[in-house]
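Chains as they are written, first to last, in my numbering: chain A, 1 to 414; chain B, 415 to 609; chain C, 610 to 699; chain D, 700 to 1683.
Hints were generated in silico from the structure; no laboratory data involved. Please read these numbers as outputs of a predicted model, since none were measured by experiment. Worth double-checking, as some hints may not be accurate.
Think about it this way: if two alpha-carbon atoms lie no more than 30 Å apart in a straight line, the pair counts; the simulated BS3-like pairs of lysine-lysine are [unchecked claim]:
| id | chain 1 | residue 1 | chain 2 | residue 2 |
| --- | --- | --- | --- | --- |
| 1 | D | 1570 | A | 266 |
| 2 | D | 754 | A | 266 |
| 3 | D | 1570 | D | 1651 |
| 4 | D | 1651 | A | 139 |
| 5 | A | 58 | D | 829 |
| 6 | A | 154 | A | 98 |
| 7 | D | 754 | A | 18 |
| 8 | A | 65 | D | 779 |
| 9 | A | 154 | D | 1570 |
| 10 | A | 65 | A | 30 |
| 11 | D | 723 | A | 266 |
| 12 | C | 690 | D | 971 |
| 13 | D | 1381 | B | 482 |
| 14 | D | 779 | D | 799 |
| 15 | C | 695 | D | 971 |
Here are the simulated distance ranges between beta carbons [unchecked claim]:
| id | chain 1 | residue 1 | chain 2 | residue 2 | range |
| --- | --- | --- | --- | --- | --- |
| 16 | B | 425 | D | 1334 | 49 to 59 Å |
| 17 | C | 639 | D | 1656 | 38 to 48 Å |
| 18 | A | 384 | C | 689 | 22 to 32 Å |
| 19 | B | 554 | C | 627 | 48 to 58 Å |
| 20 | A | 26 | D | 1089 | 20 to 30 Å |
| 21 | A | 247 | C | 689 | 52 to 62 Å |
Negatives, chain D to chain B, calculated, CB over 10 Å [unchecked claim]:
| id | residue |
| --- | --- |
| 22 | 745 |
| 23 | 865 |
| 24 | 967 |
| 25 | 1033 |
| 26 | 1298 |
| 27 | 1301 |
Positions of the beta carbon are idealized from the N, C-alpha and C atoms, including for glycine.
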Amino acid sequence: MNGYSFLSVVRQALNGHKGWPVVWRSPEPKKNYDVVIVGAGGHGLATAYYLAKNHFIKNIAVLEKGWLGGGNTGRNTQITRSNYFWPQSAAFFDHSLKLYEHLGQELNFNVMLSQRGMLTLAHSLHELEGMRRWANAIKINDIDAEVLTPIEVKKLVPLIDLNCRFPIRGGFIQHRGGISRHDAVAWGYARAASAYGVDIIQQCEVTAFNISSGRVTGVHTTRGTIGADKISIAVAGHTSELARMADFRVPVTSMALQAMVSEPIKPCLNTVVMSPIIHMYASQSDRGELVFGGGADLYNSYAQRGGIPLLQENIAALLELFPAFSRLRLMRQWAGIVDITPDTSPLMGLTPVQNLYISGGWGTGGYKAIPAGGETMAYTIANDQPHPLIEDFGLERFESGALIDEGAASGVAH
Amino acid sequence: MPEHPGFDLSQINGRSMVQLRVRPGTADAACKALQLPQQPLRWWGEDPAAYWLGPDHWLLTSDTKPAKDIIRQIDITLAGQLYAATDMSSSNVCFALRGPAARRVLAMGCGIDVHRSAFTTGHCTRTHFANVLLFIVVVEDDNFNLYVDRSLARYLRNWLVNAGEDPITRDLKYRAAEVSNEHDSTINGKSNQTG
Amino acid sequence: MLRLSCPWCGTRDELEFSFGGESHLTRPTLAASDAIWSDYLFNKENPKGIHFERWMHSYGCGRWFNVARDTVTHEIYAVYKMGLPKPDLD
Amino acid sequence: MAPTQKNRLTSGGRIDRSKPLSFKFNNRKLQGYQGDTIASALLANDISTVNRSFKYHRRRGIMSAGVEETNALLTVSDGKGDVPVVRTTVRALVDDHQIKSPSGFPSVNFDLGRVLDFTHRLWTAGFYNKVFKWPNWHWYEGMVRRMAGLGNLPGGEDGNRYFHHNLHCDLLIVGAGPAGLAAALSSVTSGARVLLVEQDHELGGSLLANRALINAVDSDLWISRTRSALEEAVNVTVMTSSTVSGYYDHNVLTIIDRSTVGVKRFWKVRAKEVLLATGAIEQPLVFENNDRPGIMLAHAAMEYVNRYAVKPADVMVVVTNNDSAYQVAFTLYDNGVRVPAIVDARKNIANEIVQQANQRGIPIMSNSVILNTFGTSVLSSVRVGTLSDDGKSTVNPTDEIACQGLAISGGFNPSSDLYSQAGGNLQYAAELACFVPMQCRQRVTVAGAAQGKFSLAEALTEGACAGSEAANKAGFTCAPIDVTTSTTSSYNLKAVRITPAGDSSRKWVDFMADVTVADIELAVRENFVSVQHLKRYTTTGMSADQGKTSNLNALTLLAELTQKPIGEVGTTTFRPQFMPVPMGAIAGQRHGDFYTPARLLPAHDWHVRHGAVFENYGAWKRPEYYATNGRDRETAIREEVLALRRSAGLFDGSPLGKIELTGPDAGEFLNRIYVNNVLTLKPGRIRYGLMLSENGIIIDDGVFARLADDHYLVSTTSANADRIIAWLEEWHQCEWPDLEVIISTVTSQWGVTTIAGPNARVLLQGIESDIDFSAQALPHMSVATGTLLGVPARVQRVSYTGEMSFEINVPAIQSQRVIEALMNLGGNRIAPIGVEASLLLRTEKGYLHVGADTDGMTNALDVGFAGIVAKKQSDFVGRRSLLRADDQRKDRRQFVGVEPLNDNENLQSGAHFVTPQDEGRRSQGIVTSACFSPTLKRIIGLGLLERGFERKGETVTVFDDGRTFDVRITEPVFYDPSGEKMNA
Ligand SMILES: Cc1cc2nc3c(=O)[nH]c(=O)nc-3n(C[C@H](O)[C@H](O)[C@H](O)COP(=O)(O)OP(=O)(O)OC[C@H]3O[C@@H](n4cnc5c(N)ncnc54)[C@H](O)[C@@H]3O)c2cc1C
Ligand SMILES: NC(=O)c1ccc[n+]([C@@H]2O[C@H](COP(=O)([O-])OP(=O)(O)OC[C@H]3O[C@@H](n4cnc5c(N)ncnc54)[C@H](O)[C@@H]3O)[C@@H](O)[C@H]2O)c1
Ligand SMILES: Cc1cc2nc3c(=O)[nH]c(=O)nc-3n(C[C@H](O)[C@H](O)[C@H](O)COP(=O)(O)O)c2cc1C
Ligand SMILES: [Zn+2]
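Let's have the full structure, built from the sequences with the hints guiding it.
Right, dumping it as structure tokens:
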């Protein structure tokens, strides 16, 4: 892999940047692979990368129906945090955050992790008690969290209106939380995986599985049939569709989750702010736009576009907290199709079909999970056995009832 | 409410309101017996007036009879059948909204078509209005009754008064649910483009 | 913004309705196995295409009814009362 | 000294020379006229550099006369504060405007940031991804963030008012150019409700920049006649200064309406049919240094002359690849601008045009393109070259042609944003070298330039046809009007927009995002060959103009570089908003008190008068406590608790959900809903029950009373009232329609006043009522109906505090009267109780507070309902889930009481039970409620603890904010465990 550094940029600048190699290759699909991963989002790409790097499997393809990183990985609000309630979640997501903390260096690709703090607001004393409960859970899990008074909140976020319709009584912050650059994560993994020899095949939609005696052996795609020893599904909003192709059912609902950006302005919001009651969250990107969103459209949808009700809802919420943004203009709104599980925790591990694996149910919050999701799925695929960090996130929990309900414990999940 | 050239808002006190629900499938009989409107979104009658709320659900109101009299009448008429007649006189507050801008103000709060051609005397509907459930009755032309949950009455009143601060509602030349085009000429040039 | 047609009240904005998820599910009895029960509880069709679902006109007549809606285009193919079978859409 | 307006023409234009306006640009005092935009006034005053570019800090001048502007997005103050990113090309000038260039330090004319331009080769696309990784990005971030952004956050108070409106129409016509106007005229007779929306403050569209003869009259006259005709038509509504910003599902569109000063309206329109007559946007040409001040879209130059009476420059070269720019050249020439050359990429140019040029003595340089431009602060000259035979390079560079302006025309691209948002497909039309609408699943038609019909004649006739057709489709009848023009226009475009020579890192594709050809070449070299990757890697089209003048050129380049047809390359996705919309307008009135409705108690004013401090409890504003005699929160709560325990308290419980169920199957229905056995309840009696989700999780608790054989009254928690009502309706209507039961919600009908405490009965017995309040007649958990103070009343003996307690329901209108009567009667023996005291009282009693003591994982068994479940034979909602292995686990978190071993320990809600440190600290559950009990004079709490039921008496460690201490696990009931007081 050709190194990226300030020096190499200077060197290339001198010859008009003519010497940069492709960031990833675009090979023709081969007939057979050891592992095929369906979906070149962050999770699929990271899985391929760790399979190659940690498990020395080199004959891997990632099949993508559109363009890599064009799913939710390319349309999320970039929040990276590990302030989870249940120990299983905390362990997993904090592992992910730790990987993020060195990801730029590991991939030799700057993913622009900005640990500017992730502030969650409480609008009543009872909510603040809930946050204390949450913050303590996080601390017991050895993750940083600090409960803040309204004055401390105001200091951190001067534009906030503490006396809004639901006055702010405090909040808590995970200082290591923040944002990173979504596209860069997809591209960085794609580049690193490609350098290990992983074939990333775009414009290649999986349309069916070959399954014989309960075991998967390949896929049909819009670019022909491809054989594989092992196959992993990482298609986010399309998880149900892929499961249907393999004849099993998954507990997910696909819904449109919107996000939007304002016109870019000079820095005025230096922390990621989220309010579970005034349902919205916002941050300001390095280019200056406010990036924000709220809840999902609460009906099944595969339409990757936003609507009016939530647009108004999200903006009203944003302005309720930040009246100073009223004259700022909205530039663009879009949506991604998220796969929401009943307990809002991911679905990872084995499936009823042998050698077929799944990474899904990422819902509204799987961006932050990409490094750990990739690493643990790689392990799971390589060993045909769930990685210890994800044992509790399997499909079985819906039969046994052992749900891990983060939504119930912590309100929002992004 | 402060004087407004476009509309007038006042509270109607002392109105008896009775909610009637009957067993699904028995609506026909109930309608006949009690003279209830069977066609959705319609009201008729005087004392009591009967409003369609749902296929087996009505509101009956009167400004002269107490609720218990209305209920007694129902009890007599529907004796032996399954129904529930409940006094709701306290549950809702009723406002009268009148005036040339009344329709425009209504259209600020809800997405139903309040144009005269679509929403006229004899019509009534519940709808999502300014984030509350509102029951709107077209008493006649530009005269509406608005029924709202008692706990939300103050909010609704303030909301309507605030809506009246949009200059569009003060424009008397303005035609019902259409947009006025007169007010364009009152502005100076592009003064507010893309602000 | 969706505009749904209530069988009684006519076409109204999405805001007036509550979504109730997939329709035509059969609730298993107490004797059902864990597998059948969890399938009923959690595993939904979630199709990319026509979804048979139920909505309530909560800011209107308060009635639940069924809708056949395309989850990609959001086009509404049919609206029918609760208890009626899935319509034939061809 | 009077400002000069050096470039102002002495006659013509739609400005009012009798109304001069003064304004300041970067503190320089200048003058313009009523009718000017800020941009036209700046041009009139010969201001060339208005801004610095986003990344390289290049000088930038005004490049358009419309919404597609990429450079003149300035900071404008109208006295109320600075607003950034104002599109000065469409913003009317008003007196006293203060206009500032947002960038440039120390000034826009001398900018130290130019160093970025000198070192531009470093800052290519993807630069950030390659560097700034050590030690970490955050280290560099601050510097980078400060350089980004198109201006500062708007300053000062927002003086605007924002309002929402809704509208229905049969036909919505977007755009009032010739096509839209002809369409609207055609629909007049149909009777359809027609709405015509135009973003400009004037009707006419491109006709305002042009001159033409329509139906044998001057276009200005035609426009004003049309306007009158439309205004007279009762079925047509015209909205100007209003932009359709979004096209959503089910033909719902949004409009941002700026037609009233100081007011912004956001309209939601539900249209049966939509006709898009949105016109087309001229595309720039790409050549070396094509971003200098003085370079402007050709039709913009013409608009400045015709509409604003401003010459963009004294000497202007025109460069084009199509016929339309000749009209521009002639207009410039005819208004005194010297045109040294028309540079045309085409070899063959129609004779009549050549003749017209010859008549004016304007030389045409055919088969030629601009190679480069020169000038320091403003354009001073251009160099032209001839295209080689294969068109892939240039030859014969000329000497520099001196000029101060350059009008560029790369042809038009239909304004398809809305069509595309609606789900419409676009197709590349090779002969026009642009994308045109194809088909759409929504009810929409396109006409005029928006459909790629670039001649006025077509716009008029097709507009007229489309208007009547759309009205017909909406169910109305009318025929297209007759409208003709004698003005001919030809197009004959040659698809050359990018000069195949020059330093690609100096050839701009996206002016606003500062993207050059070199960036696109680099992206392609690095395999960002999907349009979507290209966009994101280079940021082309991602700035505030959303690529209105850059997307097409970027696609063209991409296609060229990847050797694919443009159609195959495709476009990026158009999304709302078409033009950025102030967020205040989208929120509308939803702010402050109107953000979400607050529900008030029926006796709200009474509580206000009695010192209630209100807090939000769900949607309700309820007394948190009463600041009687100025006491603080803590004191108030303590005193309220003690007052109730010692004598009596009055609590307003009106928000409690109240649902009546009537019918022979009412009991059976409830029996399927509640965990408890409902059928064994006797009339007149009350039972406490739990409701579960199908997943076995507790969703609500409360009491249900049997008023009569077939008549039940269900109380839900205040927070869940609406949810439970919907829940019951859903089960009844969808799952068990056969059950004969009628559900009626009566929550707001009844005001609830709870009188609790040892003196509750005596107090009540003093009030006028036909209800017997004695223990025999009305024991705990029973209900009586009658009258109280002459009004109907229902009294339930239920207790949330552990004291003898009467819940008095009267019609809400009477609530305040009853409260007053009881308080008067009680005198100092009764005190009003706020929500916090009430919660504390129930903590002492160990009663569950659903949502606080339970969470989304707590099932019925976890709170001690195993016995009740076991006794019940039949199914109920959630029962099957309780049979699962995990629900039966012995080590689930179970409901317990807790007290600190050491009285001084401040046990707080939110602390966790933890395993000892040496076992590896792990949470075993949570303290869900905790308080200092005024009654017991010690700290107590409730919690959910693993295996809690079998651990009563055990000592457990709790963790709170880094501290740990020990607590004892107890029964949850701390106060009056035998229930003596409650049952009294
Ligand atoms: C608006 C929004 C905001 C969000 N905000 C956050 C946030 O702040 N923080 C956070 O942590 N998470 C957030 N999320 C969630 C996060 O984006 C996702 O959980 C995450 O990106 C999922 O990654 P993925 O790789 O699993 O899926 P994706 O990135 O969606 O990748 C799946 C890929 O599979 C492809 N695919 C689908 N079907 C097929 C097929 N048949 N054949 C081949 N390929 C196929 C798709 O084209 C897609 O590229 C947000 C999501 C949205 C929509
Ligand atoms: N000579 C050429 O080659 C050439 C090329 C293009 C256009 N034209 C001229 O353009 C005219 C075409 O007429 P037309 O009516 O199709 O287009 P037009 O440009 O005259 O009118 C379009 C109108 O739509 C408005 N509009 C666009 N988007 C809007 C939105 N989202 N909300 C509100 N308003 C919006 C614009 O402000 C404009 O007034 C003809 O006169 C034609 O000669 C000529
Ligand atoms: C974090 C983030 C920031 C974005 N910033 C911008 C932006 O500055 N300008 C812009 O046009 N779009 C921006 N977008 C939106 C994208 O243009 C695009 O809408 C989104 O990736 C979804 O893709 P689609 O609209 O092509 O479906 C941003 C998206 C994300 C996720
Ligand atoms: Zn209805």
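Okay, the hints, checked on the actual structure:
Between residue 1570 of chain D and residue 266 of chain A the alpha-carbon distance is near 66 Å, which puts this suggested pair outside the 30 Å criterion. For the hint linking residue 754 of chain D to residue 266 of chain A, the alpha-carbon distance of about 14 Å falls within 30 Å, and the restraint holds. Only pairs whose Cα atoms come within 30 Å are accepted, and residue 1570 of chain D paired with residue 1651 of chain D is accepted, the gap being roughly 25 Å. Under the criterion of a C-alpha separation no larger than 30 Å, the hint pairing residue 1651 of chain D with residue 139 of chain A is consistent with the structure, at around 27 Å.
Of the supplied pair hints, the one linking residue 58 of chain A and residue 829 of chain D holds, its CA atoms being roughly 25 Å apart against a limit of 30 Å. Only pairs whose Cα atoms come within 30 Å are accepted, and residue 154 of chain A paired with residue 98 of chain A is accepted, the gap being roughly 29 Å. Between residue 754 of chain D and residue 18 of chain A, the direct Cα distance comes to roughly 21 Å. Compliance with the 30 Å bound is thereby established for this hinted pair. The straight-line distance between the Cα atoms of residue 65 of chain A and residue 779 of chain D is roughly 51 Å, outside the 30 Å bound, and the hint therefore fails.
For the hint linking residue 154 of chain A to residue 1570 of chain D, the alpha-carbon distance of about 54 Å lies beyond 30 Å, and the restraint is violated. About 16 Å separates the Cα atoms of residue 65 of chain A and residue 30 of chain A, which keeps this hinted pair within 30 Å; it holds. The straight-line distance between the Cα atoms of residue 723 of chain D and residue 266 of chain A is roughly 23 Å, inside the 30 Å bound, and the hint therefore holds. Using a Cα cut-off of 30 Å, the hinted pair residue 690 of chain C and residue 971 of chain D holds, with the two alpha carbons roughly 25 Å apart.
A C-alpha spacing of about 27 Å is found between residue 1381 of chain D and residue 482 of chain B, which places the hinted pair at or below 30 Å, so the restraint holds. This hinted pair checks out: residue 779 of chain D and residue 799 of chain D have alpha carbons roughly 15 Å apart, not beyond 30 Å. For the given pair, residue 695 of chain C sits about 28 Å from residue 971 of chain D by alpha-carbon distance, which is consistent with the 30 Å threshold. Evaluation of the 49 to 59 Å hint for residue 425 of chain B and residue 1334 of chain D yields a failure: the beta carbon distance comes to about 39 Å.
The given range of 38 to 48 Å is respected by residue 639 of chain C and residue 1656 of chain D, whose C-beta atoms sit roughly 40 Å from each other. Distance hint check: the CB atoms of residue 384 of chain A and residue 689 of chain C are about 47 Å apart, inconsistent with the given range 22 to 32 Å. The given range of 48 to 58 Å is broken by residue 554 of chain B and residue 627 of chain C, whose C-beta atoms sit roughly 33 Å from each other. For the hinted restraint 20 to 30 Å between residue 26 of chain A and residue 1089 of chain D, the CB-CB distance of approximately 28 Å keeps it satisfied.
The beta-carbon spacing between residue 247 of chain A and residue 689 of chain C, approximately 30 Å, falls outside the hinted interval of 52 to 62 Å. No Cβ of chain B approaches the Cβ of residue 745 of chain D within 10 Å, the least distance being about 22 Å, so the stated non-interface status holds. At roughly 5 Å, the least C-beta separation between residue 865 of chain D and chain B is not larger than 10 Å, which violates its mark as non-interface. For residue 967 of chain D, the non-interface assignment is contradicted: its Cβ lies about 7 Å from the closest Cβ of chain B, within the 10 Å cut-off.
Every CB of chain B is more than 10 Å from the CB of residue 1033 of chain D (nearest about 26 Å), matching its label as outside the interface. Consistency note on residue 1298 of chain D: stated as away from chain B, yet its beta-carbon is not over 10 Å from all of that chain's, at 4 Å minimum. Separation of residue 1301 of chain D from chain B is inadequate, the least Cβ-Cβ distance of about 6 Å not exceeding the 10 Å criterion.
Going through the hint list in order, the structure does not satisfy hints 1, 8, 9, 16, 18, 19, 21, 23, 24, 26, 27.
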